[in-house]
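Student: Sequence:
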Amino acid sequence: MAQKDKRVLVVDDEESVGIGMSEMLKDAGFDARYVTSGPEAVEEIESVEYSLVFMDMVMPGMNGLETFRQIRQKKPETRVVLFTGYFKDADKAIFEGVKEGMIDVYIRKPFFLEEIVNTAVKYA
Numbered sequence: 002m003a004q005k006d007k008r009v010l011v012v013d014d015e016e017s018v019g020i021g022m023s024e025m026l027k028d029a030g031f032d033a034r035y036v037t038s039g040p041e042a043v044e045e046i047e048s049v050e051y052s053l054v055f056m057d058m059v060m061p062g063m064n065g066l067e068t069f070r071q072i073r074q075k076k077p078e079t080r081v082v083l084f085t086g087y088f089k090d091a092d093k094a095i096f097e098g099v100k101e102g103m104i105d106v107y108i109r110k111p112f113f114l115e116e117i118v119n120t121a122v123k124y125a
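Counting from 2, one number per residue, gives the positions in the sequence shown under the numbering used here.
Hints may contain errors.
Below 20 Å or equal to it, Euclidean Cα-Cα: the simulated DMTMM-like pairs (lysine to aspartate or glutamate) are [claimed, not checked]: (1) Lys76 x Glu50; (2) Lys27 x Asp6; (3) Lys75 x Glu115; (4) Lys27 x Glu16; (5) Lys7 x Glu50; (6) Lys123 x Glu47; (7) Lys123 x Asp32; (8) Lys123 x Glu50; (9) Lys123 x Glu24; (10) Lys7 x Glu115; (11) Lys75 x Glu45; (12) Lys27 x Glu115.
If you are wondering where the hints come from, they were derived from the structure by calculation, not from laboratory data.
Source: prediction; values computed, not measured.
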């Protein structure tokens, strides 16, 4: 399957991060889309098949883990990459996500273009 046939969803409440990541992925040949919240991500996953989701851990309202739980219930085959900057309980939350089988990969902000694209190539 060509990269252009692989759909990738980026979920981040910070517009500059979400748009930047989705543009990087488009430049690398992926069909990338961006949404700003957990509820939007769940709605998008219900209507479109994605091979990979990049999800910010910390978002207002429904956080990354809560969103992942809903996505896994609806589309368990969808691969997930969690990303976040440091926050107090990051290690505990990441461990919980890995233990529950929700998180396939974890990337810490700030990240590099190559890291995002290489992860998408590997997991999408």
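Student: The structure should be examined with respect to each hint, and the outcome stated for every one.
Tutor: Going through the hints against the structure:
1. Lys76 x Glu50: holds (9 Å)
2. Lys27 x Asp6: Judged against 20 Å, a Cα distance of about 11 Å means the pair holds.
3. Lys75 x Glu115: violated (30 Å)
4. Lys27 x Glu16: Given that 20 Å is the threshold and the Cα spacing comes to 16 Å, the pair holds.
5. Lys7 x Glu50: Holds, because 9 Å separates the two Cα atoms, which is no more than 20 Å.
6. Lys123 x Glu47: Judged against 20 Å, a Cα distance of about 24 Å means the pair is violated.
7. Lys123 x Asp32: Status holds; Cα separation ~15 Å.
8. Lys123 x Glu50: holds (18 Å)
9. Lys123 x Glu24: holds (18 Å)
10. Lys7 x Glu115: holds (18 Å)
11. Lys75 x Glu45: Since the Cα atoms of Lys75 and Glu45 sit roughly 11 Å apart, the hinted pair holds (cutoff 20 Å).
12. Lys27 x Glu115: holds (13 Å)
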